[in-house]
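**Student:** Throw the hints in and build the complete structure from the sequences for me.
Protein chains: 4
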Amino acid sequence: MSRKINKIGVLTSGGDAPGMNAAIRAVVRSCAYQKLECVGVFRGYEGLIEGDFKDLDARSVKNIINRGGTFLKSARSKGFRTKEGRQKAYNHLVKANIDALVVIGGDGTFTGALVFSEEFDFPVVGIPGTIDNDINGTDFTIGYDTALNTVVEAIDKIRDTANSHNRLFLVEVMGRDAGDIALNAGIGAGAEEILIPEQDMGKDRLIDSLRRSKKSGKTSSIIVVSEGDQIGKNIFELAKYIEDNLEGYEVRVSVLGHIQRGGSPSCYDRVLASRMGVGAVDALLNNEHNVMIGIVHSKIVSVPFEDALKGENELDLELIRVADITSI
Amino acid sequence: MSRKINKIGVLTSGGDAPGMNAAIRAVVRSCAYQKLECVGVFRGYEGLIEGDFKDLDARSVKNIINRGGTFLKSARSKGFRTKEGRQKAYNHLVKANIDALVVIGGDGTFTGALVFSEEFDFPVVGIPGTIDNDINGTDFTIGYDTALNTVVEAIDKIRDTANSHNRLFLVEVMGRDAGDIALNAGIGAGAEEILIPEQDMGKDRLIDSLRRSKKSGKTSSIIVVSEGDQIGKNIFELAKYIEDNLEGYEVRVSVLGHIQRGGSPSCYDRVLASRMGVGAVDALLNNEHNVMIGIVHSKIVSVPFEDALKGENELDLELIRVADITSI
Amino acid sequence: MSRKINKIGVLTSGGDAPGMNAAIRAVVRSCAYQKLECVGVFRGYEGLIEGDFKDLDARSVKNIINRGGTFLKSARSKGFRTKEGRQKAYNHLVKANIDALVVIGGDGTFTGALVFSEEFDFPVVGIPGTIDNDINGTDFTIGYDTALNTVVEAIDKIRDTANSHNRLFLVEVMGRDAGDIALNAGIGAGAEEILIPEQDMGKDRLIDSLRRSKKSGKTSSIIVVSEGDQIGKNIFELAKYIEDNLEGYEVRVSVLGHIQRGGSPSCYDRVLASRMGVGAVDALLNNEHNVMIGIVHSKIVSVPFEDALKGENELDLELIRVADITSI
Amino acid sequence: MSRKINKIGVLTSGGDAPGMNAAIRAVVRSCAYQKLECVGVFRGYEGLIEGDFKDLDARSVKNIINRGGTFLKSARSKGFRTKEGRQKAYNHLVKANIDALVVIGGDGTFTGALVFSEEFDFPVVGIPGTIDNDINGTDFTIGYDTALNTVVEAIDKIRDTANSHNRLFLVEVMGRDAGDIALNAGIGAGAEEILIPEQDMGKDRLIDSLRRSKKSGKTSSIIVVSEGDQIGKNIFELAKYIEDNLEGYEVRVSVLGHIQRGGSPSCYDRVLASRMGVGAVDALLNNEHNVMIGIVHSKIVSVPFEDALKGENELDLELIRVADITSI
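The listed protein sequences correspond, in order, to chains A, B, C and D.
Mapping to numbering that gives the first Met the number 0: the first sequence position 279 is 278, numbers consecutive.
Mapping to numbering that gives the first Met the number 0: the second sequence position 266 is 265, numbers consecutive.
Mapping to numbering that gives the first Met the number 0: the third sequence position 111 is 110, numbers consecutive.
Mapping to numbering that gives the first Met the number 0: the fourth sequence position 47 is 46, numbers consecutive.
For the record, the hints were derived by calculation from the structure and aren't laboratory data.
The structure presented is a predicted model; accordingly, all values stated were derived computationally and were not measured.
Hints may contain errors.
To be verified - Cross-link-like lysine-lysine pairs, in silico, DSSO-like; alpha carbons within 30 Å at most: (1) C:Lys82 x C:Lys61; (2) A:Lys82 x A:Lys61; (3) A:Lys61 x D:Lys213; (4) B:Lys87 x C:Lys232; (5) A:Lys217 x D:Lys77; (6) D:Lys61 x B:Lys53; (7) D:Lys213 x A:Lys77; (8) C:Lys34 x D:Lys217; (9) D:Lys61 x C:Lys213; (10) D:Lys213 x A:Lys87; (11) A:Lys214 x B:Lys213; (12) B:Lys53 x C:Lys214; (13) A:Lys6 x B:Lys214; (14) C:Lys309 x C:Lys77; (15) B:Lys87 x A:Lys217; (16) C:Lys309 x B:Lys214; (17) B:Lys87 x C:Lys298; (18) B:Lys77 x C:Lys214; (19) D:Lys61 x C:Lys232; (20) C:Lys6 x D:Lys217; (21) C:Lys239 x B:Lys239; (22) C:Lys213 x B:Lys77; (23) B:Lys61 x C:Lys213; (24) B:Lys213 x A:Lys53; (25) A:Lys77 x D:Lys77; (26) A:Lys214 x B:Lys77; (27) B:Lys298 x A:Lys298; (28) A:Lys61 x B:Lys53.
Unchecked claim - One side of the interface only, derived from the structure: several residues of chain A facing chain D at Cβ under 8 Å: (29) Asn62; (30) Asn65; (31) Gly78; (32) Thr81; (33) Thr160; (34) His257.
Positions of the beta carbon are idealized from the N, C-alpha and C atoms, including for glycine.
**Tutor:** Here it is in structure tokens:
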């Protein structure tokens with residue numbers, strides 16, 4: 000059922016990602032452009048439950064497009080998983096005359112949104128903000144491109160040392176169950192091997208491959224390991240296994256960690272976030288509910304939450320071939 | 000007519016772009032992978048005319064994926080525009096047993112390639128390497144994403160000063176006749192106005208818009224001006240016009256210039272270049288001649304040179320709307 | 000005459016410099032630490048004349064240490080050069096119970112401070128914040144180290160293009176009458192020649208030197224030109240002169256401009272600013288007036304304004320020799 | 000005893016540091032300037048023992064000033080600790096007519112140099128290249144300034160996430176037994192607490208301090224932990240201790256690791272390395288042996304190896320006070 004929308008709430012939830020501020024800014028300014036009111040909700044669903052709101056106008060979001068993190072802050076909320084918590088949230092929204100919500104986050108965020116919107120017939124639109132690029136229905140998520148650049152710059156630095164010392168480095172990168180960061184950053188950083196959850200390489204094939212690399216004249220090596228990979232899961236054990244089974248290399252481990260979530264967003268992420276923020280308000284005004292804004296073939300689209308939440312990560316065979324060939 | 004390909008030459012031509020080295024590397028390693036020989040040609044078509052060649056193997060291209068510019072160097076060649084020059088080039092190729100060429104560059108490069116390949120029935124495949132993103136038949140050119148990040152980082156710095164002094168800055172960016180850099184970097188940098196060649200704004204509308212911005216509470220402004228824009232073409236005159244017609248702002252000009260062509264390539268450009276380099280060798284082995292490798296909807300495709308060279312830059316109305324809304 | 004200090008005002012004046020925010024933060028937190036009140040004055044002496052003040056506590060300055068520019072904004076003030084303007088400023092200070100001022104800026108800022116403090120017997124302490132490093136009595140000014148890094152990173156990018164095309168680039172850098180930025184960034188960027196105001200090279204010696212460079216096998220060149228240099232002052236004319244008198248090089252000009260004033264401060268500048276901010280409050284509590292806080296031989300010192308304002312920039316002969324030798 | 004020097008060998012040893020390439024370049028070009036021959040020794044003392052040498056002229060070191068790592072490669076050598084190994088090294092030097100050595104590295108490098116030079120009465124000059132800044136007799140070592148910037152930029156990114164989630168982060172930084180990196184980067188990154196080996200804070204005081212911070216309104220915190228610190232040595236245990244003893248914070252650990260050794264050197268490190276490289280050749284020509292080139296009060300000096308190797312790291316009380324005050 001359609002309802003007139005006068006006031007929109009916006010929040011960020013789950014892990015933060017570079018470009019979330021740009022997305023908030025676009026939602027706020029799109030509201031101003033459409034003569035709607037806009038309210039920021041702090042700390043994701045936690046703030047929704049507590050009614051931690053603040054009016055936002057076009058000037059409230061100046062000078063934030065270039066900043067990492069989210070000025071609305073984010074949190075994971077246990078309360079929102081309960082009927083009681085969601086009821087409190089709904090009551091606060093009604094009391095504040097908020098007619099619709101834009102939620103920026105990942106699959107946990109959209110799962111909560113779907114339950115809530117169906118429970119109270121409340122219009123919610125999602126924007127995919129996560130560095131992991133693990134959401135169905137969109138080619139890219141906000142923050143992913145920035146994270147790739149952060150990883151590649153970090154590995155460029157590590158390679159300085161690897162080259163100088165003829166060492167082998169295992170570099171662990173984020174991505175949860177998706178190997179997108181590992182595969183793309185691995186190609187971009189010129190890694191010799193890339194271990195991703197979508198493809199089980201096996202330790203023996205890894206050792207064989209490293210042995211061949213060495214024979215071909217390589218004196219140092221970078222192996223990029225996705226945090227979700229089977230044999231990479233215990234990266235320090237893997238390091239020991241390689242040292243035990245491959246002579247002549249010193250092995251070092253580097254876990255890139257939280258630097259991957261921060262930093263000033265890349266131009267691509269700022270533009271993507273701006274387009275998605277505008278698209279989210281457009282969708283609400285167009286009476287589309289329970290959809291996520293995605294980008295498919297460079298066009299802004301809307302995808303039902305159900306579709307965004309299902310689906311598995313597919314192995315990109317072309318990219319894997321490119322990785323194999325360019326690391327020869 | 001198909002011929003067996005045993006040895007491939009590779010060159011870079013025209014203005015340099017970040018990621019060209021990554022593309023060369025991928026061509027060289029793809030040759031190694033396919034058991035083909037590979038020869039680097041220095042200084043573009045000039046080196047072709049002079050026979051300035053060097054054998055390249057997989058190890059020749061180590062540690063270059065992260066470097067801007069092109070280690071094969073580039074040049075604009077007058078000689079290659081003459082029948083005589085092209086004949087010399089052909090003779091050198093025959094003498095060196097080179098069966099096909101991969102040329103990395105922009106429209107000037109492809110124009111030369113097309114003439115040459117038809118004249119001598121010689122297989123040539125192109126890879127689009129230019130920061131301007133002004134080639135038909137591909138969504139992105141190598142170097143464009145990096146240039147966007149360079150521009151956005153530069154404007155972030157200029158904004159520090161603009162904010163601190165309540166100033167208006169005119170920032171000129173590259174792009175030749177295409178407004179892609181200006182439009183995307185303008186959105187990404189949070190510019191108040193963006194002047195692009197595809198859309199003639201007119202000085203009076205610009206002044207009106209700046210006046211409205213000021214009334215709405217903005218105390219500083221960035222205007223991004225594409226080098227090909229009509230009213231922006233003489234940027235210092237434009238600065239004076241604004242100072243004469245708009246009170247209370249000091250106007251400053253910044254011409255970003257050649258920093259936009261350099262720098263370590265972004266992850267996106269490195270991966271794109273790697274995919275295109277592999278794609279170019281695949282195309283040659285597949286008997287595709289006189290095509291450019293492009294990326295369309297995230298897939299590697301091949302496009303006849305004729306199609307790559309025609310076509311005008313279209314105005315992206317969605318992006319212009321996003322620029323208008325987010326700069327409110 | 001000594002007076003008890005309970006409340007300190009802080010302002011930034013003149014051109015902005017990276018690290019000014021870190022200095023403000025240190026002044027504010029040092030006041031909190033010493034149980035003093037602190038007041039921010041906006042837009043430098045302009046805001047002093049207009050009474051544009053805001054109370055600042057320790058939490059007011061969170062998350063600004065990494066930001067370029069100055070959140071207190073800066074301006075050049077004509078009013079403060081008049082007796083009438085300074086009287087208004089004094090009246091506002093008295094009315095707000097402000098007992099002393101910390102002013103962050105360059106020589107113009109300190110000249111104003113000296114006149115004001117003597118006129119009204121009002122305690123003022125200065126902190127040198129300018130990228131130009133042209134203040135006597137301190138080895139380094141806040142922002143200078145960051146500007147050096149910005150210049151060197153920009154020239155690294157330009158060099159990518161210079162190398163790829165066998166070109167000669169003239170790169171103009173800031174520094175007013177001081178060649179410090181040009182000389183240090185020139186050495187750091189591996190420039191072939193460095194033109195600084197402290198040393199008049201003459202066009203003919205420049206041409207001779209470039210000719211020798213070319214003979215020695217150099218195929219591209221970067222010449223760093225200080226904005227205050229005699230023959231570099233009209234950089235486009237110089238470019239033409241070189242093209243007219245030196246064969247075989249294309250010459251390009253890049254004026255780095257305002258990007259040099261912005262950007263996130265380097266670690267050195269953040270620490271220097273923090274130390275100077277603490278030192279300024281210490282000096283006031285120690286009844287030192289009309290002094291600038293400086294750093295000499297890595298120690299924080301205080302220098303009478305008179306000494307900071309006099310003196311000429313000396314030519315550092317060791318650095319010039321290093322530049323000559325390493326560009327051989 | 001003085002001897003005529005015609006040919007100088009140069010090597011890098013120990014952990015690599017940004018700026019080592021700039022130092023090699025300056026040694027090589029200084030030799031060219033002084034009409035001396037120069038020979039690069041690969042892989043530190045290992046390459047000396049094996050006679051792994053290469054002639055270097057002024058053009059051999061072009062385009063390396065901006066690169067991290069060391070193109071001569073580095074290694075730790077067990078062989079050089081034996082009389083037999085050093086004898087082989089000496090024989091190779093004599094055979095190659097090398098009259099003197101410049102060794103770039105840290106205390107291990109200088110210890111080896113001292114033994115060797117006394118054993119064979121062979122002239123050796125050292126250049127301090129290590130990110131740790133733990134060498135006596137020089138205010139700064141090459142690579143230290145770059146490492147500070149790398150750490151501060153990484154923590155800026157982590158702070159994005161810390162702020163967005165109200166988290167406490169423990170960030171481990173390098174520095175061996177010296178707290179210089181932790182203390183300076185901690186101030187520069189605005190850390191709430193800094194744990195260094197020179198000062199034992201004790202867990203209880205840390206908890207007390209964090210509790211006070213929280214009361215004062217801080218919602219997120221960064222604690223910088225030097226790898227050599229007593230209570231920080233097992234950083235994951237420390238994280239657990241804090242979570243167990245301080246309510247309301249999630250604690251996360253980030254070990255910055257090897258990214259700290261790499262990256263393009265800062266302008267300061269490039270200039271310092273250039274000056275020290277020139278200074279090393281000057282010292283040899285001046286018959287100074289068994290000295291390290293240092294920088295003291297901004298002047299290039301030479302220090303006997305014995306002095307460089309002794310001495311303990313002193314606690315800089317002014318910096319600690321600045322850290323305490325600015326983190327209030």
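**Student:** Confirm or reject each hint.
**Tutor:** Each hint, compared with the structure:
1. C:Lys82 x C:Lys61: Not satisfied, since the Cα-Cα distance of roughly 37 Å exceeds 30 Å.
2. A:Lys82 x A:Lys61: At roughly 37 Å apart (the allowed maximum being 30 Å), A:Lys61 and A:Lys82 break the hint.
3. A:Lys61 x D:Lys213: The given pair, whose Cα atoms are some 28 Å apart, holds under the 30 Å limit.
4. B:Lys87 x C:Lys232: violated (45 Å)
5. A:Lys217 x D:Lys77: Answer holds: A:Lys217 to D:Lys77 is near 23 Å, not above 30 Å.
6. D:Lys61 x B:Lys53: holds (20 Å)
7. D:Lys213 x A:Lys77: holds (23 Å)
8. C:Lys34 x D:Lys217: Between C:Lys34 and D:Lys217 the Cα gap is close to 19 Å, so the pair holds against 30 Å.
9. D:Lys61 x C:Lys213: Holds. D:Lys61 to C:Lys213 sits at ~14 Å (cutoff 30 Å).
10. D:Lys213 x A:Lys87: holds (28 Å)
11. A:Lys214 x B:Lys213: Distance of about 66 Å is beyond 30 Å: violated.
12. B:Lys53 x C:Lys214: Since the Cα atoms of B:Lys53 and C:Lys214 sit roughly 24 Å apart, the hinted pair holds (cutoff 30 Å).
13. A:Lys6 x B:Lys214: holds (24 Å)
14. C:Lys309 x C:Lys77: OK: C:Lys309 and C:Lys77 at ~22 Å, within 30 Å.
15. B:Lys87 x A:Lys217: violated (38 Å)
16. C:Lys309 x B:Lys214: violated (44 Å)
17. B:Lys87 x C:Lys298: violated (68 Å)
18. B:Lys77 x C:Lys214: Holds - the C-alpha atoms of C:Lys214 and B:Lys77 are around 25 Å apart, at most 30 Å.
19. D:Lys61 x C:Lys232: holds (29 Å)
20. C:Lys6 x D:Lys217: Between C:Lys6 and D:Lys217 the Cα gap is close to 24 Å, so the pair holds against 30 Å.
21. C:Lys239 x B:Lys239: Holds. C:Lys239 to B:Lys239 sits at ~26 Å (cutoff 30 Å).
22. C:Lys213 x B:Lys77: holds (23 Å)
23. B:Lys61 x C:Lys213: holds (28 Å)
24. B:Lys213 x A:Lys53: holds (25 Å)
25. A:Lys77 x D:Lys77: violated (56 Å)
26. A:Lys214 x B:Lys77: Distance ~45 Å between A:Lys214 and B:Lys77 Cα, so the pair is violated.
27. B:Lys298 x A:Lys298: holds (15 Å)
28. A:Lys61 x B:Lys53: Between A:Lys61 and B:Lys53 the Cα gap is close to 53 Å, so the pair fails against 30 Å, i.e. violated.
29. Asn62: violated (15 Å)
30. Asn65: violated (11 Å)
31. Gly78: With Cβ-Cβ at 16 Å, over 8 Å, it is violated.
32. Thr81: Violated, because the Cβ-Cβ distance from A:Thr81 to chain D comes to roughly 21 Å (cut-off 8 Å).
33. Thr160: Hint on A:Thr160: holds, closest Cβ of chain D at ~5 Å, below 8 Å.
34. His257: holds (5 Å)
Violation of the numbered hints given earlier is confined to hints 1, 2, 4, 11, 15, 16, 17, 25, 26, 28, 29, 30, 31 and 32; the remaining hints are satisfied by the structure.
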